[in-house]
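Line by line, the protein sequences are chains A and B.
So the first sequence is numbered by the working numbering: it starts at 1 and just counts up by one.
So the second sequence is numbered by the working numbering: it starts at 1 and just counts up by one.
Keep in mind that the hints were calculated from the coordinates and are not lab data.
Note that the structure is predicted; figures quoted are calculated from it, not measured.
Some clues are possibly wrong.
What the hints assert, rightly or not - Computed, partial: chain A to chain B, Cβ under 10 angstroms: (1) Thr105; (2) Ala109; (3) Gln178; (4) Leu188; (5) Ile194; (6) Arg197; (7) Arg201.
As the list claims (entries may be wrong) - So the derived list for chain B, only partly shown, Cβ under 10 angstroms to chain A, looks like this: (8) Gly24; (9) Ser26; (10) Ala53; (11) Gly72; (12) Thr77; (13) Leu78; (14) Val86; (15) Arg95; (16) Glu100; (17) Ala103; (18) Asp111.
Where a beta carbon is used, it is the ideal one built from N, C-alpha and C, also for glycine.
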Amino acid sequence: MIQFVADGIVNAALIALGAIGLSMTYNILRFANFAQGEILTTGAYMTLFLVTVMGAGIGSMGPIAFGWPLLISIAFAIGATSLVVLAVDWLLFRQLRDKTASRITLIMAAFGVSLMGRNLTTLIAGGEPYYYDFYIPKSVEIFTGVKVRPDDLAILAIAVIAFVILFAFVNRTSMGRQMRAVAENPTLARINGIDVRAVIRWTWIIGASLATVAGALLGHNTQLRPEMGFDMLLPMFAALILGGATNLYGTILGAVVIGLTEALAVAVGLSGYRAAVTFMVMISFLVVRPHGLLGEKE
Amino acid sequence: MPDTVLAVTDVVAGYNPSLPILRGISLDVREGEIVTVLGPNGAGKSTLIKAIAGLVGITEGTVRFGARDITGLETHTLIRAGVAYVPQTENVFARLSVEENLALGSLHNSDAYDAQRRRVLDLFPDLERLGHLAAGKLSGGQRQMVAVGRALMAAPTLLMVDEPSAGLSPKLAQVVFSQLVQVRDSGVTILMVEQNARAALQISDRGYVLAEGQEKVHGDAASLLTNPEVGELYLGSKARYVRA
Chain A
1 MIQFVADGIV NAALIALGAI GLSMTYNILR FANFAQGEIL TTGAYMTLFL VTVMGAGIGS
61 MGPIAFGWPL LISIAFAIGA TSLVVLAVDW LLFRQLRDKT ASRITLIMAA FGVSLMGRNL
121 TTLIAGGEPY YYDFYIPKSV EIFTGVKVRP DDLAILAIAV IAFVILFAFV NRTSMGRQMR
181 AVAENPTLAR INGIDVRAVI RWTWIIGASL ATVAGALLGH NTQLRPEMGF DMLLPMFAAL
241 ILGGATNLYG TILGAVVIGL TEALAVAVGL SGYRAAVTFM VMISFLVVRP HGLLGEKE
Chain B
1 MPDTVLAVTD VVAGYNPSLP ILRGISLDVR EGEIVTVLGP NGAGKSTLIK AIAGLVGITE
61 GTVRFGARDI TGLETHTLIR AGVAYVPQTE NVFARLSVEE NLALGSLHNS DAYDAQRRRV
121 LDLFPDLERL GHLAAGKLSG GQRQMVAVGR ALMAAPTLLM VDEPSAGLSP KLAQVVFSQL
181 VQVRDSGVTI LMVEQNARAA LQISDRGYVL AEGQEKVHGD AASLLTNPEV GELYLGSKAR
241 YVRA
């Protein structure tokens, strides 16, 4: 039974990496970004493109079935995906913000970007699945009856490193403070001399970076499909809401609950209903604690 | 006569251009002064300060800060020009610590952070021991100190304060007013909007009284304190605030 915890934690790490961007756009740009899944997909395909261009495969590190070539590809894909996301913001969301569009308009625009993104991915890459590599690593037993793949441990380590860097940035740097200030009170932030447009750019870049990492690692763990990000959207939203939408730590905690719940559903033979089980858990929890795990009462 | 720091000339402004709240306001603030803007609710006092800060659109008239025309300047660039603004409500970043609030105040003069922080803590010594606390956990008076302290971290030439005594007990309001005098004495010119007319005029050099978006009376603070017209304009009756 402990096996589901091991499976769930890796799942949670991928959900959390994607959901952080969702949380940041929700708090700083103040809308639910339904295109977050497509950012993840874009990151995964950008990584695939770079892996292909480099022609060195994805390498390996001891028992781990990926190495520096994949990590270097992810690093470049972060840059490329960030540029795409900034371009979409410049072309669409910034225009809407400047015209003081309502929140529902921004949400519908994001929904449109999501649809277009998926179709564009299918148009460019085709609908068939892709793989970074066909090598399937063997699981190792870490405790009695608990097996994990070395790759999963590596994915977990990458996620932890990403979160440490994220929180160091948000809590220890001037731009991080500015982001928290804008999230709390954008008008006071402007009065205080904060360039909200610069903060928004950083928000997109950080969200895109983490989503790229999530997309690439998810692609490595499973396969690349145009719908891979969209399929992650509901768990990511669930993590955001369950954690308390205003708190990044809460988003990670929410992702852990969602990841474990999904894995538990699979472990007890309800894999076909895991989305329903997850949402039942989320709704039950929110009835008791409507502002989420670490959210503030409004 | 001291130099004019701020000159507002015939300003028409409002949230909706077809329904201006300010209808041709002019005022000036000179170096080293505390100037108070008074008036009943809805007179346009806060709108005036927001228009200067770029938060409300100006459709006619000009705002000059020293020799520079700052009419319609983007809000976030104003503090770099030397104008700091403390809003009436939600004037601190409640989730951030006091120290983080102060650090945000010196975004554009981070080289002078230590010196400016020392200056602010000399003015508001209590902030030193409150530094690690979230600003949202503080009392109203302490929050006001954080808000003014953060504004001063930018080393502004002009500090605009919107109703600094709002929500405070009379005793605490007096403390805040005396702190504003200290701020002025430290070399910062102050433009203040206040409902508490008597207390505000007692620390001010000059005052303006607005009604329905227009200036009705202005003059030095001492004369306004004894001006019966001010009482009549203020809430439309003899104002208890103004009579000593």
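Provide an ascending list of the numbers of those earlier hints which the structure does not satisfy.
As far as the earlier hints go, 1, 2, 7, 8, 9, 11 and 18 are violated by this structure, in ascending order.
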